[in-house]
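Residues per chain, in single letters:
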Amino acid sequence: MFKDITIGQYYPTDSIIHKLDPRTKINSTLLYIIFLFVVNNLWGYMAAFVFLAFVVTLSKVPVKYILKGLKPLVIIITLTVLLNMLWTPGNVIFQVWIIKITDMGINNAVNMGLRLILLISGTSIMTLTTSTLDLTDGLEADIKKVPLVKRIAHELSMMMSIALRFIPTLTEETERIMKAQKSRGADFESGNVIARAKSLIPILVPLFVSAFQRANELAMAMESRCYHGGENRTRLKQLKYKKRDAWAYILVFAVMAALTATRFLPAVNLV
Amino acid sequence: MLRWQYSNWWRRTLKRAFAYNLFYKITMDKLIEVKNVTFMYDEENEPGIKALDNINLEIYKGEFLGIAGRNGSGKSTLAKLLNGLHLPNRGDVFVMGQNTKDENKLLDIRKTVGMVFQNPDNQMVATIVEEDVAFGPENLGLPREKLRQLVDESLKAVGMEKFKDKKPHKLSGGQKQRVAIAGVLAMHPDLIVLDEATAMLDPSGRKEVLATVKRLNQEGVSIVMITHYMEELTEANRIIVIDEGKCVLEGPPCEVFRKQELLEQMRLGVPEIVEISNALRREGVKLSNNILTMDELVDELCRLA
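Listed in order, the protein sequences are those of chains R and L.
In case it helps, the working numbering puts the first sequence at residues 1 to 271.
In case it helps, the working numbering puts the second sequence at residues 1 to 305.
Check before you lean on any hint, since a few could be wrong.
As the list claims (entries may be wrong) - Straight-line C-alpha distance at most 27 angstroms; calculated BS3-like pairs for lysine-lysine:
| no. | chain 1 | residue 1 | chain 2 | residue 2 |
| --- | --- | --- | --- | --- |
| 1 | R | K179 | L | K111 |
| 2 | L | K246 | L | K286 |
| 3 | L | K167 | R | K237 |
| 4 | L | K30 | L | K214 |
| 5 | L | K162 | R | K237 |
| 6 | R | K242 | R | K150 |
| 7 | R | K19 | L | K207 |
Please keep in mind that the hints were generated in silico from the structure rather than gathered at the bench.
Let's have the full structure, built from the sequences with the hints guiding it.
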């Protein structure tokens with residue numbers, strides 16, 4: 001039941017996007033997110049869409065997977081679109097009872113919807129093409145550059161990588177506990193929502209106890225192996241920028257400039 | 001090959017036959033000295049739980065020491081005292097002459113004394129085998145080329161070089177434990193303490209780990225094997241039996257195994273072969289004192305026949 005749980009939905013292929021340095025991908029995604037909010041008309045969204053389509057093609061990740069990433073957020077997207085449509089003042093186009101739909105409303109709704117979709121698919125392209133390991137390394141390297149939080153960069157990435165390391169172990173454990181409780185007659189399937197939530201307690205309590213025990217043992221094992229925080233620590237794998245990263249940065253900067261430029265194009269009004 | 005076998009045989013016989021105590025204490029260098037150590041859990045609540053009671057022992061360079069005892073005898077506590085994870089309430093532990101109470105020396109001590117724990121899952125830090133092996137040397141701040149070399153070399157030493165890019169949770173128990181040993185080995189320790197490292201493994205995993213440990217010992221790494229399976233200690237140079245926080249028995253395996261009744265009182269069995277030869281001896285068959293393996297028993301019986 002938990003066997004196919006994947007965190008960070010990595011989709012391995014041998015594309016150039018996969019081979020990029022994780023820092024390049026994280027930084028580009030950040031820039032992309034920021035500039036999606038700079039964009040204010042349809043031209044900009046079209047430009048961003050073209051860029052995204054280009055990256056997706058390069059990455060060889062099936063479009064299906066990116067759409068899958070949108071699925072859990074459909075409710076949020078629809079809600080945003082509806083709210084924007086209904087509560088924006090402007091020239092009323094048509095009215096049913098107290099529900100007024102305005103031209104501004106439609107424009108805003110379309111803009112917000114597109115923005116959200118582009119945002120989510122853009123970030124999922126990053127997580128689909130970067131393994132969790134690279135992601136933590138990239139984040140550590142990035143956080144080290146930020147003045148106020150650079151001291152905790154090592155701790156942060158260590159916690160993240162240990163958490164990732166223990167996900168399969170703990171899911172296995174959960175399954176084992178579930179089987180054990182089931183064999184003693186526990187029932188997880190029937191009853192209403194509250195009854196089902198309550199039936200989770202006999203799983204969660206042993207799981208927590210064992211997680212703490214594991215943490216304790218892990219801490220001891222780490223200390224035995226001379227762990228003493230991030231000071232003077234070296235790494236086996238070090239991130240190194242390659243030529244393709246430079247090209248990627250150039251491309252991203254160009255696209256971001258283009259996105260900013262679209263602000264000065266005449267606005268397209270749908271209605 | 002034949003010569004190697006012979007020399008090994010001779011060494012084994014010599015070690016078993018001669019007054020081994022004398023042999024070690026004069027010829028070998030002391031690696032660890034445990035002096036009058038008492039350790040209590042829960043010391044705030046008087047009287048506390050005494051896990052170790054005035055223990056004295058020495059561990060020598062190059063030896064394979066077995067520490068046996070039933071659950072709750074204090075053997076794991078003893079292991080944690082050896083690299084400063086626990087500090088003694090009374091008495092001192094010296095590793096290469098350095099007191100474990102000296103905080104500045106703690107890294108040196110932990111580099112000298114590597115530790116492998118019972119649960120293989122709870123001692124893996126990284127998500128990739130080779131990165132886990134690199135964890136120790138990374139903490140020591142070694143340069144990158146050196147890290148690479150240490151990782152490759154220690155994975156090879158435990159026969160896991162093919163698995164270096166694998167994820168630890170995809171390995172079998174024995175393989176995980178071998179990776180854990182490699183992780184310790186990468187720091188070039190003088191001593192590896194295995195704290196019930198085989199307890200959670202299946203028989204084949206146990207064999208893998210034991211074979212690895214034996215090979216490392218032959219290459220000069222001292223081994224302390226903590227266990228309650230006496231079968232694992234037939235290859236040891238010396239066995240110390242601990243019960244209720246005290247050293248009860250000490251000696252080479254053949255000597256310790258002959259006190260079968262005493263061991264059984266402490267809920268420790270002896271290996272099957274030893275049990276058989278002890279029984280035969282009781283029945284009046286004149287067997288020599290140093291039978292530990294099937295081959296040796298067969299040889300001995302053929303000699304008598």
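Results for each hint:
1. K179(R) - K111(L): violated (41 angstroms)
2. K246(L) - K286(L): With a Cα-Cα distance of about 34 angstroms, the restraint between K246(L) and K286(L) is violated, given a limit of 27 angstroms.
3. K167(L) - K237(R): holds (16 angstroms)
4. K30(L) - K214(L): Roughly 20 angstroms between the alpha carbons, so the hint for K30(L) and K214(L) holds.
5. K162(L) - K237(R): holds (18 angstroms)
6. K242(R) - K150(R): The hint holds at about 24 angstroms.
7. K19(R) - K207(L): Answer violated: K19(R) to K207(L) is near 41 angstroms, above 27 angstroms.
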